[in-house]
Structures are given as C-alpha cells and as structure tokens.
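**Student:** Start from the sequences and build out the full structure, keeping to the hints where you can.
Number of protein chains: 2
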Amino acid sequence: MRVTISGGVHGNELLGIYLVKKLQNESFSIKGLELDFLLANPKAIKECRRYIDYDLNRSFNTDTLTQDSHLYEFERAKVIKEHLKNCDFLIDLHTTTANMGITVVLSSREQRSENVAKILADEFDEVRILRWFGSSEGDFINVVAPASITIEVGAVCQGVLDSTLFFKTLKVVKRVLHILQTKEQIDGSKECYDIFETINFPRDADNEIVAMIHPDLMGRDYSVVHRGDPIFIGFDEREYFFERDEAYAVFINEAAYYEKGIAFCLSKKSAV
Amino acid sequence: MRVTISGGVHGNELLGIYLVKKLQNESFSIKGLELDFLLANPKAIKECRRYIDYDLNRSFNTDTLTQDSHLYEFERAKVIKEHLKNCDFLIDLHTTTANMGITVVLSSREQRSENVAKILADEFDEVRILRWFGSSEGDFINVVAPASITIEVGAVCQGVLDSTLFFKTLKVVKRVLHILQTKEQIDGSKECYDIFETINFPRDADNEIVAMIHPDLMGRDYSVVHRGDPIFIGFDEREYFFERDEAYAVFINEAAYYEKGIAFCLSKKSAV
Chain A
409 MRVTISGGVH GNELLGIYLV KKLQNESFSI KGLELDFLLA NPKAIKECRR YIDYDLNRSF
469 NTDTLTQDSH LYEFERAKVI KEHLKNCDFL IDLHTTTANM GITVVLSSRE QRSENVAKIL
529 ADEFDEVRIL RWFGSSEGDF INVVAPASIT IEVGAVCQGV LDSTLFFKTL KVVKRVLHIL
589 QTKEQIDGSK ECYDIFETIN FPRDADNEIV AMIHPDLMGR DYSVVHRGDP IFIGFDEREY
649 FFERDEAYAV FINEAAYYEK GIAFCLSKKS AV
Chain B
409 MRVTISGGVH GNELLGIYLV KKLQNESFSI KGLELDFLLA NPKAIKECRR YIDYDLNRSF
469 NTDTLTQDSH LYEFERAKVI KEHLKNCDFL IDLHTTTANM GITVVLSSRE QRSENVAKIL
529 ADEFDEVRIL RWFGSSEGDF INVVAPASIT IEVGAVCQGV LDSTLFFKTL KVVKRVLHIL
589 QTKEQIDGSK ECYDIFETIN FPRDADNEIV AMIHPDLMGR DYSVVHRGDP IFIGFDEREY
649 FFERDEAYAV FINEAAYYEK GIAFCLSKKS AV
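Protein chains in written order, with the working numbering: chain A, 409 to 680; chain B, 409 to 680.
In short, the hints are calculated from the structure, not lab data. All values derive from a computational prediction rather than experimental measurement. Take these hints with a grain of salt, some might be off.
Since the list gives no way to pick out one identical chain from another, each pair is judged satisfied if it fits inside one copy or across any two copies.
What the hints assert, rightly or not - Below, simulated DSSO-like cross-link-like pairs (lysine-lysine); rule was C-alpha separation at most 30 Å, straight line:
(1) 439 <-> 676
(2) 451 <-> 439
(3) 454 <-> 668
(4) 429 <-> 439
(5) 668 <-> 451
**Tutor:** What follows is the structure, given as structure tokens:
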C-alpha cells in the first residue's frame, strides 16, 4: 500500500512542511507501507505564501487538470495528479488560524478514509471529524487520491511553528500509518460535523469589510451559534447578530478566507 | 501640531490598516491637532503581504533614501519621507504574532515620544515600553519623523483582525492624541525594556531550521529567561537550553522574523 504524506499545499502553513521534511530527513519507514513524501507547492513554500497564482487546494477540477494554463498552481496540480497516480491513501497536512484543534477533514464518503477518521476521533480527545465535500472555488487535492484524510491543525498563525501542535500532529499521523499498516477497523458510527454554508463578513458598497468577528465568537470553533447571538462587531462598534437556525461554527476568522470574504463556516452535527 | 497615524507599513498587519481606515471614514478630528492618515504600503496591503520587494520598515536609511532603486519599498520610503516632512508626531501601528500585549516601541531618546510612552504605561495595564534603537537590516520609518511611537499589538496572526485588540488599541491611540492635544507631561521615570540582541533558530548546514520555540517559552514575552531554561525543541525532540545571563524575551516566534532567522529578541529591564 502506497501512502503519500503531503505538506505545503499552502506554502505558509509550516507545520505540514516541516513534518514532511522531518520524516524525509529521518528516512522514516513503516513495515508493509510504501511511504511517499510530497512538498506540494515548492514556489509558495519558498516565498512563505499560501499560493503564487491561485489556491492549489482549489485547483484539482477536471477542466483545470486537462487544459493548458499559465497559472503556476494549475500546472502544479497536473504534476501532483500524475505523482499521486499510484497513491492508495493521502494524508494532507494543513494549519488554520481558527481554533480547530486537530480536525480530520473528510472530503468524500469513502470507507477507508472514514474508518481512519473514526479511529482517530475515538482515541484522541482533540480530534474532531469534519466533512467538507467541496468548494465552489475549485476541487481539493483529495479528488486525485482514491482515499484520503486532510488534517487541519489550529489555532496557528501563518508562517509560524507551534511545537506543541507539531508533536500532537506527528502522533496522529503516525497513528494513521499504523492503522493503514494493520488494516484495523472500527465498528459503529462517530460524531462528525458537516459544513453546509459559509458566512461572509459584512461589507460596504465598495466591498470593504465593515466588521470583525465578535469577541463572543472568537476562538469558539465547534460551539453552537444560536439565533440572536452576536457574531460580528463593526469598526463603529455596532453589533451584528446571527439570524439563522442554530449551527456549529467552524473556521472562525481563518486568515486565508478574508480574500474570499468568508468570516466562518456553518456546520451541523451528524454521524459518520 | 501635525500628527500622522500610519497603518500598513506591513501590508498583512490588518489592525493598523483598518484602524486608519476607520478614522479616515469617520473624518475623525480632534481640536488643536492637524490629523493625517497614512496607509503606508498600498501594494502590500492590496496583496495582504508584509512587503513586495523589501521590508518597508527597514528601508529608511540615508543611502536608500537618496539613491535610485527598482525596489518598490525603497521608492515608497522616499514618498513617505516627503509626506512626513511637516509631521510633528508619528503614531505607527503594527501587529505581531508574539504575545506582546500592547507594546509602545521607542526608537530614539526623544523627550516628547518618551513622555507619551510613559503616560500610556502609567495608565494602561497592558502597555509596556520597549526601546529598540535600530536594526542592522535598515532604518525604521521613525527616523523620518521628529517624534514618534510605534505600537506593536499581539498576539495576532498576519492577515487577521482581532476585535478585542482592535478596540483596546483604538483607545490607546485616542489617548495619545489627547496627550498631544493637551501637552500633558508626566514626571519621573517608568520601567522599560531595551532590546540588545536577537537569538536565531538553530539551523543545519543547509541553513534549514532544525528546532522550534520550546513550549515552555511560547507566549511568555516579557518574562525572564534564565541560564539553563529550555528555549528550543528540535524536530527530533532534542531540547536546546539558554546559555547566557538572564534576560527578558520579546518578539517570541514572530512570523515575520523567520526569514531573518530570528526566533526571539533579548531585552534588559531599564527605565525611561
């Protein structure tokens, strides 16, 4: 079984980059698995930027993968697709500025991926399962792997290493490899969260942000937001309230989503 | 008296940018002061990057200010120098990923700047005074203003707004303007910290980082580091210990300093 561990799909998310480099430098191996290490976006890693031309983790659409392009990440996506053609399982490492702990993201209803996620959620207190089946901006790297999990770790600033979270994530990654090695299975279902919508920052006519995440919501990823809860506070100190049915907020105040206009995502509790 | 409030000397430090925009949009004024608002690095602000070609806040050297250059920030420094030629007092707004609270940085021994800093430290629990008289990489914007304070606010991630810190900083900025308006003076001296050295990340022969800030040091800006305290932890879990006389650590794990190789700065307690 060939397992790819990728870091640096986003070049300013250092944890995955240095975790991959560490395992590479140590020639880390595990019996019965063919390990492959991928630093996915070398140019962005070098410049410590999320991407050069376009978000690589939104560049795996069928059309972008088959058409010629002058965008660095679209070309990179083709190279990665080819690189992953014999990959059986992908572990893709990310960080977030949101307080997401160690979130295992599932991007399809694939049984082996779900099994791994469930065992991790069963064993690690800080692991939660989040299902995110796609973005309107483009497809994730996961679509070119037959089975995969994405690990999102936070809160960590872009361009920064947090040693505590580094070693926690390393432990989780090693456990994933162990599960794949032993083909261990878990019965029953586990709690998960399904992203179903994104909430944008309030903006003015010039498309300028006019409010920030409310202090009451900051850092409260995976907590329930009720109708009427304050969610934003304007630069003029005006409060903005949640006007929907209750939901669980995730990716609250993620730096990379500002340019997309996204303030946080809504999820509902489910089971996988 | 002409007072300039500048944000966005670093384009990914959103607090100062949006604080300046807020005051501009509200046509904020204060009797007896001529207020001037400066978004210092428009290109970097647009791209949400620290800088385009070179750190603008290291671009105010006499030679770079007088020579032709193709670097965007060197040209921008000349424009800003001209912009500030009638400025009497500069308030320059920054954020840091280090846990620095609200730090008032003094970059010269100028009496009006010191007076403002001391009143702030006297009144606000979270305000500390840090003296930093220059960097080997180039001069700060402060050298082209006759009097100034820099306000460093953290911990905040690059590209992120923290509403609590935003309004705390706004309060401090308004108090500065009030002090300048009333010409209020404070007697006596106040505690301050003087930066005297920088500590680099341990690196290997290829100049690659091999260790991270130790969990025991993370977030402990302004606390004393003793000889023998653990300061780094390697990717291989090896611990690295402090081998100098005790000092106060500041700018611990600042994202922007990774490319400079700096892990944190050492300061000693003094009085201003």
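**Student:** Confirm or reject each hint.
**Tutor:** Now for the hints, and whether the structure bears them out:
Neither within a single protomer nor between protomers do residue 439 and residue 676 lie at most 30 Å apart by alpha-carbon distance, with minima of 39 Å and 52 Å respectively. With identical chains, the CA atoms of residue 451 and residue 439 are never at most 30 Å apart, being 33 Å at best within one copy and 51 Å at best between copies. Taking the shortest alpha-carbon separations for residue 454 and residue 668, both the intra-copy value of 23 Å and the inter-copy value of 14 Å come in at or below 30 Å. Within a single copy, residue 429 and residue 439 get their C-alpha atoms as close as 20 Å, which meets the 30 Å cut-off; across copies the closest is 58 Å, which misses it.
With identical chains, the CA atoms of residue 668 and residue 451 are at most 30 Å apart both within one copy (22 Å) and between copies (18 Å).
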